[in-house]
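Sequences are here, hints too, so could you generate the full structure?
Taken in order, these protein sequences are the chains called P and D. Going by the numbering used here, the first sequence opens with residue 1160, and the numbers climb by one from there. Going by the numbering used here, the second sequence opens with residue 18, and the numbers climb by one from there.
Think of the hints as simulated: they come from the structure by calculation, not from any bench. Quick caveat: nothing in here was measured; it's all calculated off a predicted structure. All the given hints hold, so there is nothing to weed out.
Just so you have them, the derived chain P footprint on chain D, three or more residues with Cβ under 8 angstroms:
1) 79-88
2) 154-167
3) 180-194
Glycine included, each C-beta is placed from N, C-alpha and C at the ideal position.
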Amino acid sequence: MEDRCTVCDVAAEANPVSATHISHPYIDKAAIVGVGEYRVLDGPGHLACLGLGSCVGIAIYDLHAQIGGLAHAMLPHYEEGRDKVNAAKYADSSIMLMVDELVEMGATRSRLRAKIAGGAQMFSFISSDTLNIGKRNYKAAILTLKSEHIRLIGEDTGGTRGRTIFFSTADGSYHVKMGNYQFEI
Amino acid sequence: MNTTPSSMRFDPILIDGLKEIGNIGAAHASSALSKLVDRCVMVKVSEHVVCTTQQLPSVFGDPEQRIVAIFLEAHGVGKGGMLFILTENIATELVDMILSQPHTDRELNEVDRDAICEIANICTSAYLSAVAKFAGITMVPSPPGVAVDMLHAILQQISVMAEEITSELVIVRTQLFYDNSPHTGHLLYLPDPETIQLLERKFRAV
Chain P
1160 MEDRCTVCDV AAEANPVSAT HISHPYIDKA AIVGVGEYRV LDGPGHLACL GLGSCVGIAI
1220 YDLHAQIGGL AHAMLPHYEE GRDKVNAAKY ADSSIMLMVD ELVEMGATRS RLRAKIAGGA
1280 QMFSFISSDT LNIGKRNYKA AILTLKSEHI RLIGEDTGGT RGRTIFFSTA DGSYHVKMGN
1340 YQFEI
Chain D
18 MNTTPSSMRF DPILIDGLKE IGNIGAAHAS SALSKLVDRC VMVKVSEHVV CTTQQLPSVF
78 GDPEQRIVAI FLEAHGVGKG GMLFILTENI ATELVDMILS QPHTDRELNE VDRDAICEIA
138 NICTSAYLSA VAKFAGITMV PSPPGVAVDM LHAILQQISV MAEEITSELV IVRTQLFYDN
198 SPHTGHLLYL PDPETIQLLE RKFRAV
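What follows is the structure, given as structure tokens:
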């Protein structure tokens, strides 16, 4: 198995963020996907996003080919964004980039499935929908998945709590951890 | 420790000035907190952290640690964000001190949330008004918002807010402590790029 390195990974490698002080049965084996990055695997393996707040963790995979990826998007739309260099920051463009990469690696587009979690609203003082970036991230991701014809088969979004997520390309399992509470979607 | 995980470089005069601002602001914040809890709250010398908005969630400590964070924005001539971070235990201890009730280990309830929000509001407003006075600008603090969650998830929300205006951040961090407990809380000040420029001009004029 080989970790494919994307443009955003190169930036991440220049500034590695150690996750050595965290121990979790999944995380020990998992590659951490940082904020505004995505990672793809062309074999069975684990990917994780730590502490998703308003960001969304979008997993897309082809179970048959055992190819999958996880995106950690922080903003909804590339069009509206200020930074045009790193397209992996945005929910819509990161999905498109990741899907293209997965297909290039041998995944079949029609077999691709998606699971999504995150999009919380951490601070109580923001009540308006336009400022609720979590909700906007989620909506942007849903719309993009629909336009890419990828079926969404699991989700856990919204609320006010942060989530840590673990995704396995081996069986497509997607675990969500909120505080001491853990479940699978 | 001054960490500069990114390749960005800022003028040393600006960095020194910002750290001084952190010291002045935090001194005011700590004396406000001292009066509130009737205890001597000390301040450590401020540090600066330069990072990209994407790095912000992971530059401080354990990303999955559960913390209490109070965030407010500064409006006016000098825009920016102000974050007060403390552990749940310290937060409830401060609340108990103010309400003069015996301290019990517990999760933050509604009353605690409101109380800690008000405590942070007073501290951070003291910080901001000291900075505003020093720089001769107007800063109006917004109502505070409180969140109790993983450090990473909270900082990530802040980085998303910052991302709309800038991709590089200068953060002035000051530690508060009392009774020899080393980590009472952290005050993070995130001036926006315009405010940084404005402050830089002020520092050069001095």
